[in-house]
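Letter by letter, the chains look like this.
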Amino acid sequence: MMSSSVVTAGKPRFPDLSRVRAVDEVGVNERVARFQSRSIKKASKIEALKCVLSMIDLTTLEGQDTPGKVRQLCQKAIHLHDSMPGLPHVAAVCVYPNMVAVAKQALAGTDINIASVATAFPSGMSSLELKLDDTRMAVAAGANEIDMVISRGAFLAGDYRYVFDEIEAVKEACGDAHLKVILETGELRTLDRVRRASVLAMHAGADFIKTSTGKIQPAATMQVTLVMLQAIRDFYAETGRMVGMKPAGGISNSKLAIHYLVMLRETLGNAWMTPEWFRFGASSLANDVLMQLSKQATGVYQSADYFSKD
Amino acid sequence: MATAAERVPVAKTYKIYIGGKFPRTESGRYIALKGKGDEMLANVCRSSRKDFRNAVVEARKAQPGWARASAYLRGQILYRIAEMLEGRREQFVAELRLTGTASRRAEQEVEKSIDRLIYYAGWADKYQQIFSAVNPVSSSHFNFSMLEPNGVVALLAPDEPGLLGLVSNLAPAIAGGNTLVALASETNPLSAVSFAEALHASDVPAGVVNILSGYRSELTEHFASHMDVNAVVCCEGGRKQQREVQTRAADNVKRVVFRTDTDWSGDDAASPYMIRDTQEVKTTWHPIGV
Amino acid sequence: MATLQNTSAENTLAFTGGWEYDPAPESTEHVEIASRYGLFIGGDFVKPEKGRYFDTINPATEQKLARIAQAGAGDVDRAVKAARKAYAQVWSRMKPAERGKYIYRIARMLQERAREFAAIESLDGGKPIRESRDIDIPLAAAHFFYYAGWADKLGYAFPGRGVKALGVAGQIIPWNFPLLMAAWKIAPALACGNTVVLKPAETTPLTALKLAELIADAGLPEGVVNIVTGAGETGSAIVEHPGVNKIAFTGSTAVGKHIQRSLAGGKKSYTLELGGKAANIVFADAAIDQAVEGIVNGIFFNQGHVCCAGSRLFVQESVADEVVEKLAQRMETLIVGDPLDKNTDIGAINSKMQLDKIKQYLKLGEAEGGSLHQASGKLPRKGYWCRPAFFTGVSQSSRVVQEEIFGPVLAIQTFRTFDEALEKANNTPYGLSGGVWTDKGAKIFRMTQGLKAGVVWANTFNKFDPTSPFGGYKESGVGREGGLHGLDAYLKLGA
Numbered sequence: 001m002m003s004s005s006v007v008t009a010g011k012p013r014f015p016d017l018s019r020v021r022a023v024d025e026v027g028v029n030e031r032v033a034r035f036q037s038r039s040i041k042k043a044s045k046i047e048a049l050k051c052v053l054s055m056i057d058l059t060t061l062e063g064q065d066t067p068g069k070v071r072q073l074c075q076k077a078i079h080l081h082d083s084m085p086g087l088p089h090v091a092a093v094c095v096y097p098n099m100v101a102v103a104k105q106a107l108a109g110t111d112i113n114i115a116s117v118a119t120a121f122p123s124g125m126s127s128l129e130l131k132l133d134d135t136r137m138a139v140a141a142g143a144n145e146i147d148m149v150i151s152r153g154a155f156l157a158g159d160y161r162y163v164f165d166e167i168e169a170v171k172e173a174c175g176d177a178h179l180k181v182i183l184e185t186g187e188l189r190t191l192d193r194v195r196r197a198s199v200l201a202m203h204a205g206a207d208f209i210k211t212s213t214g215k216i217q218p219a220a221t222m223q224v225t226l227v228m229l230q231a232i233r234d235f236y237a238e239t240g241r242m243v244g245m246k247p248a249g250g251i252s253n254s255k256l257a258i259h260y261l262v263m264l265r266e267t268l269g270n271a272w273m274t275p276e277w278f279r280f281g282a283s284s285l286a287n288d289v290l291m292q293l294s295k296q297a298t299g300v301y302q303s304a305d306y307f308s309k310d
Numbered sequence: 001m002a003t004a005a006e007r008v009p010v011a012k013t014y015k016i017y018i019g020g021k022f023p024r025t026e027s028g029r030y031i032a033l034k035g036k037g038d039e040m041l042a043n044v045c046r047s048s049r050k051d052f053r054n055a056v057v058e059a060r061k062a063q064p065g066w067a068r069a070s071a072y073l074r075g076q077i078l079y080r081i082a083e084m085l086e087g088r089r090e091q092f093v094a095e096l097r098l099t100g101t102a103s104r105r106a107e108q109e110v111e112k113s114i115d116r117l118i119y120y121a122g123w124a125d126k127y128q129q130i131f132s133a134v135n136p137v138s139s140s141h142f143n144f145s146m147l148e149p150n151g152v153v154a155l156l157a158p159d160e161p162g163l164l165g166l167v168s169n170l171a172p173a174i175a176g177g178n179t180l181v182a183l184a185s186e187t188n189p190l191s192a193v194s195f196a197e198a199l200h201a202s203d204v205p206a207g208v209v210n211i212l213s214g215y216r217s218e219l220t221e222h223f224a225s226h227m228d229v230n231a232v233v234c235c236e237g238g239r240k241q242q243r244e245v246q247t248r249a250a251d252n253v254k255r256v257v258f259r260t261d262t263d264w265s266g267d268d269a270a271s272p273y274m275i276r277d278t279q280e281v282k283t284t285w286h287p288i289g290v
Numbered sequence: 001m002a003t004l005q006n007t008s009a010e011n012t013l014a015f016t017g018g019w020e021y022d023p024a025p026e027s028t029e030h031v032e033i034a035s036r037y038g039l040f041i042g043g044d045f046v047k048p049e050k051g052r053y054f055d056t057i058n059p060a061t062e063q064k065l066a067r068i069a070q071a072g073a074g075d076v077d078r079a080v081k082a083a084r085k086a087y088a089q090v091w092s093r094m095k096p097a098e099r100g101k102y103i104y105r106i107a108r109m110l111q112e113r114a115r116e117f118a119a120i121e122s123l124d125g126g127k128p129i130r131e132s133r134d135i136d137i138p139l140a141a142a143h144f145f146y147y148a149g150w151a152d153k154l155g156y157a158f159p160g161r162g163v164k165a166l167g168v169a170g171q172i173i174p175w176n177f178p179l180l181m182a183a184w185k186i187a188p189a190l191a192c193g194n195t196v197v198l199k200p201a202e203t204t205p206l207t208a209l210k211l212a213e214l215i216a217d218a219g220l221p222e223g224v225v226n227i228v229t230g231a232g233e234t235g236s237a238i239v240e241h242p243g244v245n246k247i248a249f250t251g252s253t254a255v256g257k258h259i260q261r262s263l264a265g266g267k268k269s270y271t272l273e274l275g276g277k278a279a280n281i282v283f284a285d286a287a288i289d290q291a292v293e294g295i296v297n298g299i300f301f302n303q304g305h306v307c308c309a310g311s312r313l314f315v316q317e318s319v320a321d322e323v324v325e326k327l328a329q330r331m332e333t334l335i336v337g338d339p340l341d342k343n344t345d346i347g348a349i350n351s352k353m354q355l356d357k358i359k360q361y362l363k364l365g366e367a368e369g370g371s372l373h374q375a376s377g378k379l380p381r382k383g384y385w386c387r388p389a390f391f392t393g394v395s396q397s398s399r400v401v402q403e404e405i406f407g408p409v410l411a412i413q414t415f416r417t418f419d420e421a422l423e424k425a426n427n428t429p430y431g432l433s434g435g436v437w438t439d440k441g442a443k444i445f446r447m448t449q450g451l452k453a454g455v456v457w458a459n460t461f462n463k464f465d466p467t468s469p470f471g472g473y474k475e476s477g478v479g480r481e482g483g484l485h486g487l488d489a490y491l492k493l494g495a
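Which chain is which? The protein sequence lines are V, U and B, in order. Residue 123 in our numbering sits at position 123 of the first sequence, with consecutive numbering throughout. Residue 279 in our numbering sits at position 279 of the second sequence, with consecutive numbering throughout. Residue 139 in our numbering sits at position 139 of the third sequence, with consecutive numbering throughout.
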């Protein structure tokens with residue numbers, strides 16, 4: 001280990017990156033196609049759809065966000081579709097740091113988490129000090145989950161140590177808040193880098209690893225998510241610590257979300273099949289899932305006009 | 001009988017060629033080869049199954065190295081054999097004449113043999129390009145098929161013409177990276193056995209070509225049945241012998257090549273398809289990704 | 001040798017309990033299977049001379065699907081004569097481009113009826129519908145499509161040589177890929193101008209008979225394709241028939257040798273596609289997760305009923321524990337069961353006979369000192385099933401390493417160096433296929449060059465394509481099927 005001499009007990013340890021496994025893109029594509037060939041029907045479909053709802057981080061991350069918009073989103077988070085009984089609520093609402101206080105007020109009395117992006121989201125192009133202040137501010141305002149971005153420039157330039165140290169510092173600034181580390185896989189481009197960044201983030205203390213900001217295309221894909229899940233699995237085998245996974249951006253329909261669940265189940269097993277360990281970062285997925293659930297209940301195909309858009 | 005003033009010529013001992021050496025047959029048996037006037041020409045080795053076995057061992061040993069040699073080098077070595085033969089033209093013509101070939105025909109046979117070697121020397125680095133393929137598969141894979149030598153080839157050379165028949169079948173096999181154990185013409189073996197000496201002088205690695213002489217009826221079954229032989233090339237020989245060859249060959253699913261009714265002096269008796277006869281097609285798949 | 005552990009002590013993942021997939025059976029409403037099938041000779045279904053029939057059963061339920069005619073020597077004779085007549089009077093005289101259009105027609109109709117063919121393939125053979133739907137049937141159609149286009153372009157395939165059809169081709173195919181093997185045989189034969197007498201395997205005749213119906217619907221001239229059903233005797237009658245010009249056989253090495261012998265001294269040409277015991281070699285620098293997937297595809301595809309299956313795994317010692325652990329984990333997510341369920345990964349073993357054989361090898365492997373690991377999932381009560389399995393602690397001298405099991409049973413060995421892996425990989429009488437997994441390009445090509453095998457998959461396994469030649473070295477057969485090189489089997493080269 002490169003840093004073994006300076007490591008103190010309990011402190012994150014810089015990983016031996018030479019041991020990070022290679023990834024073959026074509027093989028990953030084939031495995032993903034295999035997940036997508038699973039046919040989920042009947043009760044298992046309803047169970048899956050409800051599970052998807054419970055894993056959603058309902059998200060609004062726009063320059064035009066206002067307290068009004070955020071309050072409406074929180075309302076939706078609590079009341080997904082009250083005419084349909086027995087629905088879970090979403091896992092969290094995800095907003096910019098200056099909207100955290102609004103969300104906290106709107107979600108008071110529920111156990112829906114408040115996630116805030118931080119660290120000069122989405123580019124991360126700022127100083128470490130400002131990123132840490134950004135984080136502390138969001139936590140102070142009531143966020144119990146922080147979604148940070150890694151410094152992709154430093155990563156692509158090969159300065160893995162910088163990336164690692166930054167994550168470690170943000171984790172410390174989070175205090176009790178959970179830290180999700182966004183790799184922005186659309187900028188890392190290759191699956192090999194995704195795997196390497198996953199290993200870095202987990203060793204630096206990430207509670208979750210997350211694919212994307214949603215501001216860069218491509219955002220989440222099953223391919224990058226699979227590679228990250230496999231990195232989580234290997235990290236667990238090595239350390240015994242579970243790390244959560246959050247694909248974000250581009251998952252807008254139920255069928256795709258169910259395929260993510262299939263992939264999750266067949267890669268990490270049942271222990272990860274809860275909102276505690278898996279999230280979907282999405283804004284329009286919830287309504288599609290609701291439409292599907294309604295279709296399952298009534299046997300009739302649905303129209304978007306019957307489901308609230310907030 | 002030589003008079004006192006005359007020099008006594010030195011008669012040549014015709015030995016077999018195994019692993020780059022010229023042993024006598026381990027059997028100690030020989031065939032007394034007689035000329036037209038029933039005069040004694042030479043004692044030719046009557047090779048045994050054990051000679052054949054030893055030759056296969058040498059051919060197997062030499063095979064990976066010969067197959068890995070660059071096509072350019074194989075071509076150069078074939079060319080070198082031709083050069084050696086050219087330099088010994090008169091010897092070969094004389095030997096062919098001894099066993100009854102008319103002098104003009106003997107000259108032509110040696111010339112053709114030389115030219116045939118040149119022909120295959122040229123093919124050594126080209127046949128692959130003719131017979132290989134890049135296959136446009138539907139998935140994200142780079143897929144190509146190319147030829148690889150069968151391995152060890154056993155050759156039952158035609159009786160006539162003794163030299164050209166051997167050369168015409170030997171050259172395509174080794175041009176393609178095979179190693180070879182050949183049984184020379186039974187009726188006309190002298191030039192074939194001497195051809196080994198040309199090979200020996202031509203940078204052909206030991207074991208790449210092994211040449212036996214002897215009775216075809218005794219050796220055919222062993223040529224066809226040996227489990228470490230990958231292909232058997234059977235020239236002429238008739239239906240009965242063909243049946244024997246293929247029946248035995250099935251023991252290890254040898255590739256069987258029959259070459260019959262061939263005019264070995266004709267241009268049709270040389271072709272890159274004769275190289276292909278003792279080649280396998282290997283297809284390789286490789287993903288295309290980042 | 002490193003000791004391989006099947007499961008790591010801690011931090012294991014749980015794949016059972018929790019969310020399970022409900023059954024998702026493929027509908028069989030669209031499937032039409034007659035209660036009885038005759039022989040397809042001269043464009044019609046005819047009764048067998050001696051009036052004998054046998055049952056074809058569904059190996060997943062052990063229930064009878066249909067009665068199938070058993071062709072005797074007289075029936076084969078009728079079929080060969082029909083093929084000869086069609087060759088002499090119609091097929092050899094037809095313009096090649098027109099011949100091609102008939103074959104295109106078959107390809108298209110197969111695409112149109114793909115769903116029915118897929119269901120029947122799974123019913124009759126036990127293979128998962130995912131495979132028959134996504135692999136067998138589309139590939140069969142693609143094969144006809146590919147060779148259709150060759151019909152009027154054959155001269156370009158063999159530079160400097162003229163080409164001529166052989167005449168009547170006798171074709172005998174196995175039960176592991178019934179329709180696909182029929183396509184592999186029939187498509188190039190027809191494209192090259194031959195007519196055909198084909199015998200499907202006795203346990204899986206249905207899709208070949210459905211293909212006969214399709215061929216009749218396609219208006220192919222009568223007698224160009226004849227399909228005779230039966231067991232080994234029927235096959236022998238084809239091999240021995242003097243009116244047949246060429247034998248194309250896919251099946252066991254033992255039968256292949258027998259055929260090569262019985263054709264000795266005759267004028268029939270032959271191609272043989274026989275058994276295998278492929279090495280799948282995983283180096284320490286491989287993309288391990290994809291390699292594990294490749295191992296799974298290599299040995300568990302089609303219940304391991306695959307001549308080119310990657311049945312011998314060689315793992316470099318430094319990653320052996322990790323690979324074996326991940327493989328065992330992955331095997332827990334393979335679903336064994338109803339072939340018609342869209343989520344089934346491993347279907348039914350094709351026949352009771354084959355299941356018995358596999359079970360014998362499982363016992364034998366343990367008796368030889370191997371350590372057997374099998375996935376833990378549930379199996380249906382009726383039908384022929386085998387959980388995916390692997391042996392560790394076996395060596396080159398073990399029979400489960402040497403012999404073709406033709407089931408979902410993998411033999412795992414470790415190696416230390418490149419040369420050791422290559423030597424062990426080639427240390428077999430077979431030479432059909434091989435696999436190599438490494439992230440290093442130069443090493444891939446050194447290995448793919450060194451493997452004595454007709455098909456080598458680098459960082460992938462069990463891929464097939466109509467354009468890609470397939471066939472073995474050594475005792476795995478003679479000749480190639482697929483691609484340009486597959487034409488050779490059905491043509492005589494002239495001046």
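Just so you know, these hints were derived from the structure itself, not from any lab. The C-beta atom is built at its ideal place from N, Cα and C for all residues, glycine as well. Among the hints, a few may not be true.
As the list claims (entries may be wrong) - Which stretches of chain V does chain B cover? Using the computed rule of at least three CB atoms under 8 angstroms from a CB of chain B, they are:
1. 158 to 167
2. 218 to 224
What the hints assert, rightly or not - Beyond 10 angstroms from chain V on every Cβ pair, some chain U residues (computed):
3. Gly19
4. Lys34
5. Arg49
6. Pro205
7. Thr247
8. Pro287
9. Gly289
Output the indices of the hints that this structure fails to meet, ascending. Hints 1, 2, 8 and 9 contradicted; others consistent.
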